Amino acid sequence: MDKRKKEEQQLAAMIEKLLAGEKVAPDSNASEDLRYKLVAAQKVVECGASPAPAFQAKLKRRLLNELAAKELAARDRQPHGLRLFEFLGNLIPASPVWRTAAVTITVGIMAFLIVWSTGLIPLGTTSPDNNPPLMGTSAPALIEIKPVSTEPVSFPAGVKVKIDLVFTNVSSSGLLIDPFPPSIQITLSRSGKLVRTLAAGSESSSIRVAEDSLYSLVWDQLDDNGQQVAPGTYSVSVNEMLVKPEDDLQATPISFFAIVQIVIEN
Amino acid sequence: MDYDGGPKPSNRVEEFSGFYDEYMPKVYRYLHYKINNQQVAEDLTSEVFEKALVSFSKFDSGRGPFSAWIFTIARNVLIDHYKTRKVSTPLDDAEELESKTPGPEETLERIEENMRLTGCLSGLPEREQEIIRLKFGARMNNRQISKLMSISESNVGTILNRSLGKLRVALQGMPNG
Numbered sequence: 083m084d085k086r087k088k089e090e091q092q093l094a095a096m097i098e099k100l101l102a103g104e105k106v107a108p109d110s111n112a113s114e115d116l117r118y119k120l121v122a123a124q125k126v127v128e129c130g131a132s133p134a135p136a137f138q139a140k141l142k143r144r145l146l147n148e149l150a151a152k153e154l155a156a157r158d159r160q161p162h163g164l165r166l167f168e169f170l171g172n173l174i175p176a177s178p179v180w181r182t183a184a185v186t187i188t189v190g191i192m193a194f195l196i197v198w199s200t201g202l203i204p205l206g207t208t209s210p211d212n213n214p215p216l217m218g219t220s221a222p223a224l225i226e227i228k229p230v231s232t233e234p235v236s237f238p239a240g241v242k243v244k245i246d247l248v249f250t251n252v253s254s255s256g257l258l259i260d261p262f263p264p265s266i267q268i269t270l271s272r273s274g275k276l277v278r279t280l281a282a283g284s285e286s287s288s289i290r291v292a293e294d295s296l297y298s299l300v301w302d303q304l305d306d307n308g309q310q311v312a313p314g315t316y317s318v319s320v321n322e323m324l325v326k327p328e329d330d331l332q333a334t335p336i337s338f339f340a341i342v343q344i345v346i347e348n
Numbered sequence: 365m366d367y368d369g370g371p372k373p374s375n376r377v378e379e380f381s382g383f384y385d386e387y388m389p390k391v392y393r394y395l396h397y398k399i400n401n402q403q404v405a406e407d408l409t410s411e412v413f414e415k416a417l418v419s420f421s422k423f424d425s426g427r428g429p430f431s432a433w434i435f436t437i438a439r440n441v442l443i444d445h446y447k448t449r450k451v452s453t454p455l456d457d458a459e460e461l462e463s464k465t466p467g468p469e470e471t472l473e474r475i476e477e478n479m480r481l482t483g484c485l486s487g488l489p490e491r492e493q494e495i496i497r498l499k500f501g502a503r504m505n506n507r508q509i510s511k512l513m514s515i516s517e518s519n520v521g522t523i524l525n526r527s528l529g530k531l532r533v534a535l536q537g538m539p540n541g
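So the sequence lines, in the order shown, correspond to chains E and U.
Numbered per my numbering, the first sequence spans residues 83 to 348.
Numbered per my numbering, the second sequence spans residues 365 to 541.
These are computed hints drawn from the structure, not numbers from a lab.
Keep in mind that the hints are not guaranteed to be accurate.
[Stated by the list, open to error] The calculated DSSO-like cross-link candidates involving lysine-lysine, where the alpha carbons are at most 30 angstroms apart (straight line), are:
#1 E:Lys244 <-> U:Lys415
#2 U:Lys415 <-> E:Lys326
#3 E:Lys99 <-> U:Lys390
#4 U:Lys422 <-> E:Lys142
#5 E:Lys152 <-> U:Lys422
#6 E:Lys228 <-> U:Lys447
#7 U:Lys422 <-> E:Lys244
#8 E:Lys88 <-> U:Lys511
#9 E:Lys142 <-> U:Lys447
#10 U:Lys530 <-> E:Lys85
#11 E:Lys87 <-> U:Lys390
#12 U:Lys390 <-> E:Lys152
#13 U:Lys511 <-> E:Lys85
As the structure is a prediction and not an experimental result, all values here were calculated from the model.
Isolated chain U (complex conformation) (with noise of 0.2 angstroms):
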């Protein structure tokens, strides 16, 4: 375990060590979805995981698995952040990203692609934003994702279909789109 010396650790800091190693890039990925700026997806996955170690030490496994309780958390972090800051858009970030980012032309190219496709997220309701981001982002099965979101897991797989529909006519255009 790679965290400086100090007392021996226990168990509990063990089992915590793991959720962090499966989840943490998932709850950053499923972050970035709708941030699309490295920096604050930075600051909302600490802020997700210093809220789970709060709690950590009470999470009973019994009563639902490690996914559904930090994608819950990381949900309401999320729906926080959009609510209480004044929040420059997705698209606006980007924008700023690139700005910031001089770099070999295909490096533009794909930031530029990555802009067309959060624009195009960005675009679809809400509830099938979140399916997305909890499908690619956080890598849930529709079983997991219905779960989470109260609604049939057909539902999730019919919602996804149509969203997936959406992208595409909204994406035609880029490159192989």
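Looking at chain E on its own, in the form it has when it is part of the complex (with noise of 0.2 angstroms):
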């Protein structure tokens, strides 16, 4: 190994023990430009600065009660059957032998209720209606869709639809959303018949890791042939949004439904 290049590694392993506080001093046979090198390190460890205490604790007292507030909105967002099946499983010990054994028995259970059955077994025919809006993804979670207002969405017939539309980077690294905006489906909703396909934009948005980007939906209440749209409730969705990470070669295609409901009254 070249001098140079053991010299570099001794700096930093040097460095290395500098932040975490050690005292270093170089050997005695240390060359006189590595010597210079260790005390310039030695100056930039002193001019770190470190945040003032009140400052750091009234920060996280803040973050820390926002964080609370959000979780508690969204236990009571969640549906009654969770909730339940949160309590149920806060009844078994936390051993690991314990959780070990129920998920064993309940996916027993489960096999066993499958093969019985003559097919797939519907989870119960259920009304979109009656049902909170579901998220559902095809792919891993990189992006979050979300209705700026959670308030109940009604517009009378004939007036243009104006919804914003939030669209969060969830992942660890910048995402490209190509085309932007998606193209959108709108729904009716307790029969899924597709009655509009708002096109897909011709740009593009990057969004940033933790960071959003806006959507106004405008939709004029007609459908594919031009026609008003009957009173009712309609879902909007995205089939296929194209997603690409920045550290990944290809885009990954995301769907979600059921993002926001309309309901179109008389």
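Take the two lone chains and join them into the complex the hints point to.
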């Protein structure tokens, strides 16, 4: 190994010790260059600033209160069935043995029921109108789409529907959505029948980590034949939006179903 | 956990609290190396963690470590800060700090030394400054830095070595420099 590389490694090791708070002195046979670089590193460490304790504590308190409030609000929005499931889960002791046994028994019962039945067992017909919106996706979580307002959305017939949607990057790298906005499907909630497809845009949108892109959806309440849709509840979905993380070569198609429900009144 | 009573903390709250305790000082230090202004560094640190909070419920440690995630956010916040605002240079900020903070001579001496170092740091190419900030501010090892900046680990070591060499030359004339 040449001398330069060796000194580089020595310097790297000394810096790690410095950052760990240790006192570091170069070897007696270290070159003058190495000694002076160590001094430079020491000065950089000394000039590093620490946050004021009061600021650190105040910010932490505010953030944790916000997060706790969000968690509580999310829990309140959970369907009762899910809360029951969570409650039942808490009844089982936390020991891994108990949890493994419970999971094994549950999986076994489910497998038995599936085999016993004559085919795929539907989980009961459900009216989409009575279900909370599904955030089903067909890929690992990279992006989230939500309406800006969580209030129910109702419009009189014939009035232009405008809904603001937020696309949030929940991955650990930047994302490119191309095209943007993606194609949007509007379906009749009760039957799932597609009534209108809003074409994708011609641009793209880059969204950095933990940031949002806003899109205002506008629908004139017409179907694909140019006719006014009937009063009822309609779902807004995105089918196969192409999302490419910046550290991937390929885009992933991601779908979102029933992002928001729109009620068209008489 | 030292936050106001209220609802019983969930695991996610405790998890975020742990991340905050570990990474907040590092984020602050990372930002301060560039900004060299306490107030602005505090504002930007708040902004970083507010953004992290918004997406924290969906953070998936399987896709990468928290350190990479939080410092990607911090880097973007820093880029935005210099892009969208009329920003004074770190030296201007430090001079303002000096004029508002009279104190014992050794404190002023320390401030002068910081200013000189900040000036030397800002004279380095941005990529070298970033590596210095991530190493000394964020306390990342070379492998973590290489992944964040998409360069090889060996290159990180070489660049760091070169940067300290340049700082050494620039700092000559400082006490013990």
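Hint by hint, here is what the structure shows:
With a C-alpha separation of about 27 angstroms, the suggested pair E:Lys244 and U:Lys415 falls inside the 30 angstroms cut-off, and the hint holds. With a CA separation close to 21 angstroms, the supplied pair U:Lys415 and E:Lys326 stays within the 30 angstroms bound. With a C-alpha separation of about 17 angstroms, the suggested pairing of E:Lys99 with U:Lys390 holds against the 30 angstroms cut-off. With a C-alpha separation of about 20 angstroms, the suggested pairing of U:Lys422 with E:Lys142 holds against the 30 angstroms cut-off.
Of the pairs offered as hints, the one joining E:Lys152 and U:Lys422 holds, with about 13 angstroms between alpha carbons and a cut-off of 30 angstroms not exceeded. Of the pairs offered as hints, the one joining E:Lys228 and U:Lys447 holds, with about 28 angstroms between alpha carbons and a cut-off of 30 angstroms not exceeded. The suggested pairing of U:Lys422 with E:Lys244 holds, with an alpha-carbon distance near 27 angstroms, which does not exceed 30 angstroms. A C-alpha spacing of about 23 angstroms is found between E:Lys88 and U:Lys511, which places the hinted pair at or below 30 angstroms, so the restraint holds.
For the proposed pair E:Lys142 and U:Lys447, the alpha carbon gap of about 28 angstroms is at most 30 angstroms, so the pair holds. Simply put, U:Lys530 and E:Lys85 have alpha-carbon atoms about 19 angstroms apart, close enough for the 30 angstroms limit, and the pair holds. The straight-line distance between the Cα atoms of E:Lys87 and U:Lys390 is roughly 29 angstroms, inside the 30 angstroms bound, and the hint therefore holds. A C-alpha spacing of about 26 angstroms is found between U:Lys390 and E:Lys152, which places the hinted pair at or below 30 angstroms, so the restraint holds.
With a C-alpha separation of about 27 angstroms, the suggested pairing of U:Lys511 with E:Lys85 holds against the 30 angstroms cut-off.
Against the hints set out earlier in the document, no violation occurs for any number.
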